[in-house]
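Peer 1: This note's numbering puts the first residue of the sequence shown at 1, with every later residue one more than the last.
Among the hints, a few may not be true.
[Unchecked claim] Here are the computed distance ranges between Cβ atoms for each label pair:
1. Ser210 <-> Ala42: 30 to 36 Å
2. Leu54 <-> Asp83: 38 to 44 Å
3. Gly155 <-> Cys72: 28 to 34 Å
Keep in mind the hints are simulated off the structure, nothing from the lab.
Fair warning: this is a prediction, and the values are worked out from it, not measured in the lab.
Each residue gets a CB set at the ideal place from its N, CA and C atoms; glycine is no exception.
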Amino acid sequence: MNHIASWVLALSIIAPVSTRADSAKPSAPDGILRTTPYDIDAVVDTTYGVGAALLFGAMAAYSGEQPFSAHCARLGSGRCDPDDLFGIDRYAVGKSSTAWDQYSNIAELTAILGPLAFDGLDVLFSHSTAPWSDWGTDVLVMAQAQLTAGIANYGLKLSVGRPRPRQYRSNTYKAVAESELSFPSGHTVAISAGATAFAYTYWLRNPSSSSRYWVALACGALSLSGGWARVEAGKHFPTDVVAGLALGAMSGVLVPWLHRREELGGATLVPAVTSDSASASLIWRL
1 MNHIASWVLA
11 LSIIAPVSTR
21 ADSAKPSAPD
31 GILRTTPYDI
41 DAVVDTTYGV
51 GAALLFGAMA
61 AYSGEQPFSA
71 HCARLGSGRC
81 DPDDLFGIDR
91 YAVGKSSTAW
101 DQYSNIAELT
111 AILGPLAFDG
121 LDVLFSHSTA
131 PWSDWGTDVL
141 VMAQAQLTAG
151 IANYGLKLSV
161 GRPRPRQYRS
171 NTYKAVAESE
181 LSFPSGHTVA
191 ISAGATAFAY
201 TYWLRNPSSS
211 SRYWVALACG
221 ALSLSGGWAR
231 VEAGKHFPTD
241 VVAGLALGAM
251 SGVLVPWLHR
261 REELGGATLV
271 PAVTSDSASA
281 SLIWRL
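All chains, please: the whole structure from these sequences, using the hints.
Peer 2: Now the structure itself:
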(Lines of atoms letter the chains of each structure in order from A; the text may use other names.)
(Lines give C-alpha, C1' and ligand atoms only; values in the text may rest on other atoms or scores of the structure.)
Protein backbone atom coordinates (compact mmCIF):
# COMPACT_ATOMS: atom_id res chain seq x y z
CA MET A 1 0.00 0.00 0.00
CA ASN A 2 3.01 2.33 0.20
CA HIS A 3 2.53 3.31 -3.47
CA ILE A 4 -0.40 5.54 -2.43
CA ALA A 5 1.56 7.40 0.25
CA SER A 6 2.47 10.26 -2.08
CA TRP A 7 -1.18 10.72 -3.11
CA VAL A 8 -2.40 10.82 0.47
CA LEU A 9 0.41 13.18 1.49
CA ALA A 10 -0.60 15.57 -1.28
CA LEU A 11 -4.23 15.44 -0.18
CA SER A 12 -3.40 16.06 3.47
CA ILE A 13 -1.62 19.38 2.91
CA ILE A 14 -3.79 20.80 0.14
CA ALA A 15 -4.04 24.57 0.19
CA PRO A 16 -7.29 26.12 1.46
CA VAL A 17 -7.45 24.99 5.06
CA SER A 18 -8.38 28.19 6.89
CA THR A 19 -11.46 28.28 9.07
CA ARG A 20 -14.26 30.36 7.63
CA ALA A 21 -15.26 33.65 9.18
CA ASP A 22 -18.73 33.38 7.68
CA SER A 23 -19.66 30.24 9.58
CA ALA A 24 -23.28 31.18 9.99
CA LYS A 25 -25.72 28.34 10.03
CA PRO A 26 -25.88 26.98 6.46
CA SER A 27 -29.31 26.82 4.88
CA ALA A 28 -30.48 24.37 2.27
CA PRO A 29 -33.87 25.44 0.91
CA ASP A 30 -33.31 23.35 -2.21
CA GLY A 31 -31.67 20.45 -0.39
CA ILE A 32 -28.08 21.58 -1.02
CA LEU A 33 -25.68 23.20 1.46
CA ARG A 34 -24.07 26.42 0.26
CA THR A 35 -20.92 25.81 2.25
CA THR A 36 -18.72 23.01 3.51
CA PRO A 37 -20.36 20.85 6.18
CA TYR A 38 -17.12 20.82 8.16
CA ASP A 39 -15.38 23.08 10.66
CA ILE A 40 -11.61 22.85 10.89
CA ASP A 41 -8.86 24.52 12.86
CA ALA A 42 -6.11 25.62 10.47
CA VAL A 43 -3.26 24.91 12.89
CA VAL A 44 -4.59 21.72 14.47
CA ASP A 45 -5.84 20.08 11.29
CA THR A 46 -2.85 21.02 9.15
CA THR A 47 -0.49 19.80 11.87
CA TYR A 48 -2.39 16.54 12.16
CA GLY A 49 -2.53 16.11 8.39
CA VAL A 50 1.18 16.65 7.87
CA GLY A 51 2.14 14.63 10.96
CA ALA A 52 -0.12 11.75 10.01
CA ALA A 53 1.20 11.79 6.44
CA LEU A 54 4.78 11.63 7.69
CA LEU A 55 3.93 8.80 10.08
CA PHE A 56 2.11 6.95 7.31
CA GLY A 57 5.11 7.32 5.02
CA ALA A 58 7.50 6.18 7.74
CA MET A 59 5.41 3.08 8.47
CA ALA A 60 5.22 2.28 4.75
CA ALA A 61 8.99 2.63 4.42
CA TYR A 62 9.58 0.54 7.54
CA SER A 63 7.37 -2.30 6.35
CA GLY A 64 9.05 -2.11 2.96
CA GLU A 65 12.41 -2.87 4.56
CA GLN A 66 11.32 -5.09 7.46
CA PRO A 67 12.29 -8.76 6.92
CA PHE A 68 9.23 -10.96 6.44
CA SER A 69 8.44 -13.43 9.20
CA ALA A 70 5.32 -15.57 8.73
CA HIS A 71 3.14 -16.28 11.75
CA CYS A 72 1.98 -19.72 10.61
CA ALA A 73 2.69 -23.42 11.04
CA ARG A 74 5.04 -24.61 8.30
CA LEU A 75 4.72 -27.96 6.55
CA GLY A 76 7.69 -30.05 5.50
CA SER A 77 7.68 -28.39 2.07
CA GLY A 78 8.06 -24.99 3.70
CA ARG A 79 4.61 -23.65 2.90
CA CYS A 80 2.08 -22.64 5.55
CA ASP A 81 -0.46 -25.25 6.62
CA PRO A 82 -3.93 -24.51 5.11
CA ASP A 83 -5.55 -26.51 7.92
CA ASP A 84 -4.78 -23.57 10.23
CA LEU A 85 -7.11 -21.31 8.21
CA PHE A 86 -10.78 -20.57 8.75
CA GLY A 87 -12.90 -22.54 6.31
CA ILE A 88 -13.93 -19.42 4.41
CA ASP A 89 -10.31 -18.32 4.03
CA ARG A 90 -9.27 -21.53 2.29
CA TYR A 91 -11.18 -20.24 -0.71
CA ALA A 92 -8.33 -17.81 -1.44
CA VAL A 93 -5.60 -20.46 -1.47
CA GLY A 94 -4.69 -21.19 -5.08
CA LYS A 95 -6.46 -18.13 -6.46
CA SER A 96 -4.62 -15.94 -8.98
CA SER A 97 -5.89 -13.38 -11.48
CA THR A 98 -4.05 -10.51 -13.13
CA ALA A 99 -7.34 -8.97 -14.27
CA TRP A 100 -8.78 -8.88 -10.73
CA ASP A 101 -5.48 -7.52 -9.42
CA GLN A 102 -5.56 -4.69 -11.96
CA TYR A 103 -9.19 -3.96 -11.14
CA SER A 104 -8.36 -3.64 -7.43
CA ASN A 105 -5.58 -1.16 -8.28
CA ILE A 106 -8.01 0.89 -10.38
CA ALA A 107 -10.60 0.79 -7.59
CA GLU A 108 -8.01 1.99 -5.08
CA LEU A 109 -6.91 4.87 -7.29
CA THR A 110 -10.55 5.79 -7.92
CA ALA A 111 -11.28 5.90 -4.17
CA ILE A 112 -8.26 8.14 -3.58
CA LEU A 113 -8.54 10.57 -6.49
CA GLY A 114 -12.25 10.32 -7.30
CA PRO A 115 -13.40 12.31 -4.24
CA LEU A 116 -11.30 15.28 -5.39
CA ALA A 117 -13.12 15.52 -8.69
CA PHE A 118 -16.62 14.57 -7.55
CA ASP A 119 -16.54 16.78 -4.46
CA GLY A 120 -15.27 19.62 -6.64
CA LEU A 121 -18.27 19.21 -8.92
CA ASP A 122 -20.59 19.05 -5.93
CA VAL A 123 -19.13 22.30 -4.56
CA LEU A 124 -19.41 23.92 -8.00
CA PHE A 125 -23.06 23.01 -8.46
CA SER A 126 -23.92 24.12 -4.91
CA HIS A 127 -23.00 27.71 -5.91
CA SER A 128 -20.73 28.09 -2.89
CA THR A 129 -19.60 31.62 -2.06
CA ALA A 130 -16.09 30.32 -1.30
CA PRO A 131 -15.65 27.28 -3.57
CA TRP A 132 -11.89 26.83 -3.22
CA SER A 133 -12.00 27.08 0.56
CA ASP A 134 -14.98 24.73 0.80
CA TRP A 135 -13.43 22.20 -1.57
CA GLY A 136 -10.09 22.35 0.25
CA THR A 137 -11.78 21.83 3.62
CA ASP A 138 -13.72 18.83 2.34
CA VAL A 139 -10.60 17.29 0.82
CA LEU A 140 -8.56 17.89 3.96
CA VAL A 141 -11.12 16.06 6.10
CA MET A 142 -11.39 13.17 3.64
CA ALA A 143 -7.59 12.93 3.44
CA GLN A 144 -7.41 12.74 7.23
CA ALA A 145 -9.82 9.80 7.10
CA GLN A 146 -7.55 8.06 4.57
CA LEU A 147 -4.44 8.73 6.63
CA THR A 148 -6.01 7.54 9.87
CA ALA A 149 -7.14 4.31 8.23
CA GLY A 150 -3.76 3.84 6.57
CA ILE A 151 -1.86 4.19 9.83
CA ALA A 152 -4.17 1.71 11.55
CA ASN A 153 -3.72 -0.66 8.61
CA TYR A 154 0.06 -0.73 8.92
CA GLY A 155 -0.14 -1.08 12.68
CA LEU A 156 -2.36 -4.15 12.35
CA LYS A 157 -0.29 -5.68 9.54
CA LEU A 158 2.93 -5.49 11.52
CA SER A 159 1.26 -6.65 14.75
CA VAL A 160 -0.69 -9.60 13.37
CA GLY A 161 1.94 -10.80 10.90
CA ARG A 162 -0.44 -12.94 8.86
CA PRO A 163 1.05 -14.31 5.62
CA ARG A 164 -0.67 -13.90 2.26
CA PRO A 165 -2.56 -16.77 0.56
CA ARG A 166 0.37 -17.65 -1.71
CA GLN A 167 2.32 -18.72 1.37
CA TYR A 168 -0.17 -21.57 1.77
CA ARG A 169 0.54 -23.03 -1.66
CA SER A 170 4.27 -22.36 -2.04
CA ASN A 171 7.31 -21.61 0.08
CA THR A 172 8.52 -18.92 -2.32
CA TYR A 173 7.91 -15.35 -1.20
CA LYS A 174 9.37 -11.88 -1.29
CA ALA A 175 11.71 -11.00 1.52
CA VAL A 176 10.00 -7.88 2.90
CA ALA A 177 6.93 -7.54 5.08
CA GLU A 178 5.18 -5.01 2.83
CA SER A 179 4.76 -7.64 0.10
CA GLU A 180 3.75 -10.58 2.28
CA LEU A 181 1.62 -9.35 5.20
CA SER A 182 -2.05 -10.03 4.64
CA PHE A 183 -4.23 -8.77 7.52
CA PRO A 184 -5.99 -6.48 6.88
CA SER A 185 -6.17 -5.83 3.13
CA GLY A 186 -4.51 -2.46 2.56
CA HIS A 187 -6.19 -1.93 -0.80
CA THR A 188 -9.58 -2.56 0.81
CA VAL A 189 -8.83 -0.19 3.69
CA ALA A 190 -7.92 2.60 1.26
CA ILE A 191 -10.94 1.98 -0.99
CA SER A 192 -13.38 1.75 1.91
CA ALA A 193 -12.02 4.82 3.71
CA GLY A 194 -12.01 6.99 0.60
CA ALA A 195 -15.41 5.87 -0.66
CA THR A 196 -17.07 6.12 2.76
CA ALA A 197 -15.63 9.56 3.53
CA PHE A 198 -16.85 10.89 0.20
CA ALA A 199 -20.30 9.30 0.58
CA TYR A 200 -20.61 10.81 4.07
CA THR A 201 -19.51 14.23 2.82
CA TYR A 202 -21.97 14.09 -0.07
CA TRP A 203 -24.70 13.01 2.35
CA LEU A 204 -24.10 16.08 4.52
CA ARG A 205 -23.88 18.39 1.52
CA ASN A 206 -27.14 17.15 0.04
CA PRO A 207 -29.39 16.51 3.06
CA SER A 208 -32.66 16.49 1.12
CA SER A 209 -31.55 15.01 -2.19
CA SER A 210 -32.38 11.44 -3.20
CA SER A 211 -29.09 11.35 -5.12
CA ARG A 212 -27.24 10.77 -1.86
CA TYR A 213 -28.67 7.24 -1.72
CA TRP A 214 -27.29 6.48 -5.18
CA VAL A 215 -23.90 7.92 -4.25
CA ALA A 216 -23.82 5.79 -1.09
CA LEU A 217 -24.78 2.73 -3.13
CA ALA A 218 -22.07 3.39 -5.72
CA CYS A 219 -19.43 3.93 -3.03
CA GLY A 220 -20.49 0.74 -1.28
CA ALA A 221 -20.32 -1.19 -4.54
CA LEU A 222 -16.82 0.15 -5.20
CA SER A 223 -15.66 -0.90 -1.73
CA LEU A 224 -17.16 -4.39 -1.94
CA SER A 225 -16.02 -5.11 -5.48
CA GLY A 226 -12.54 -3.73 -4.88
CA GLY A 227 -12.20 -5.82 -1.73
CA TRP A 228 -13.46 -9.01 -3.36
CA ALA A 229 -11.05 -8.44 -6.25
CA ARG A 230 -8.19 -8.87 -3.78
CA VAL A 231 -9.52 -12.32 -2.90
CA GLU A 232 -9.99 -13.38 -6.53
CA ALA A 233 -6.49 -12.11 -7.33
CA GLY A 234 -5.09 -14.39 -4.64
CA LYS A 235 -3.69 -11.44 -2.69
CA HIS A 236 -5.85 -11.66 0.44
CA PHE A 237 -8.18 -13.88 2.43
CA PRO A 238 -11.89 -13.03 2.78
CA THR A 239 -11.41 -12.15 6.46
CA ASP A 240 -8.63 -9.71 5.45
CA VAL A 241 -11.13 -7.96 3.22
CA VAL A 242 -13.89 -7.91 5.85
CA ALA A 243 -11.47 -6.32 8.32
CA GLY A 244 -10.33 -3.82 5.69
CA LEU A 245 -13.91 -2.85 4.87
CA ALA A 246 -14.72 -2.32 8.55
CA LEU A 247 -11.55 -0.37 9.32
CA GLY A 248 -11.92 1.88 6.28
CA ALA A 249 -15.62 2.51 6.89
CA MET A 250 -15.05 3.40 10.55
CA SER A 251 -12.38 5.93 9.67
CA GLY A 252 -14.41 7.23 6.73
CA VAL A 253 -17.34 8.01 9.04
CA LEU A 254 -15.65 8.90 12.33
CA VAL A 255 -13.14 11.48 11.07
CA PRO A 256 -15.69 13.50 9.04
CA TRP A 257 -18.25 13.16 11.83
CA LEU A 258 -15.84 14.73 14.31
CA HIS A 259 -15.47 17.72 11.95
CA ARG A 260 -19.17 18.36 11.33
CA ARG A 261 -20.38 21.89 11.84
CA GLU A 262 -22.02 22.45 15.21
CA GLU A 263 -25.48 22.87 13.72
CA LEU A 264 -25.07 19.57 11.85
CA GLY A 265 -23.81 17.65 14.89
CA GLY A 266 -20.34 16.30 15.64
CA ALA A 267 -17.90 16.91 18.44
CA THR A 268 -16.07 19.90 19.88
CA LEU A 269 -13.02 19.90 22.13
CA VAL A 270 -13.53 22.66 24.70
CA PRO A 271 -10.43 23.65 26.73
CA ALA A 272 -10.70 25.02 30.27
CA VAL A 273 -7.69 26.71 31.86
CA THR A 274 -7.52 28.16 35.37
CA SER A 275 -4.68 29.34 37.56
CA ASP A 276 -4.60 25.91 39.21
CA SER A 277 -5.27 23.45 36.41
CA ALA A 278 -6.03 22.81 32.78
CA SER A 279 -8.59 20.43 31.32
CA ALA A 280 -10.57 19.75 28.19
CA SER A 281 -14.07 18.45 27.55
CA LEU A 282 -15.25 16.65 24.44
CA ILE A 283 -18.83 17.69 23.67
CA TRP A 284 -20.75 15.27 21.45
CA ARG A 285 -23.66 16.38 19.32
CA LEU A 286 -25.75 13.62 17.79
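Peer 1: All hints are to be evaluated individually against the structure, with a verdict given for each.
Peer 2: Consistency of the hints with the structure:
1. Ser210 <-> Ala42: 30 to 36 Å: holds, 35 Å
2. Leu54 <-> Asp83: 38 to 44 Å: holds, 42 Å
3. Gly155 <-> Cys72: 28 to 34 Å: violated, 20 Å
The structure does not agree with numbered hint 3 stated previously, though it agrees with all others.
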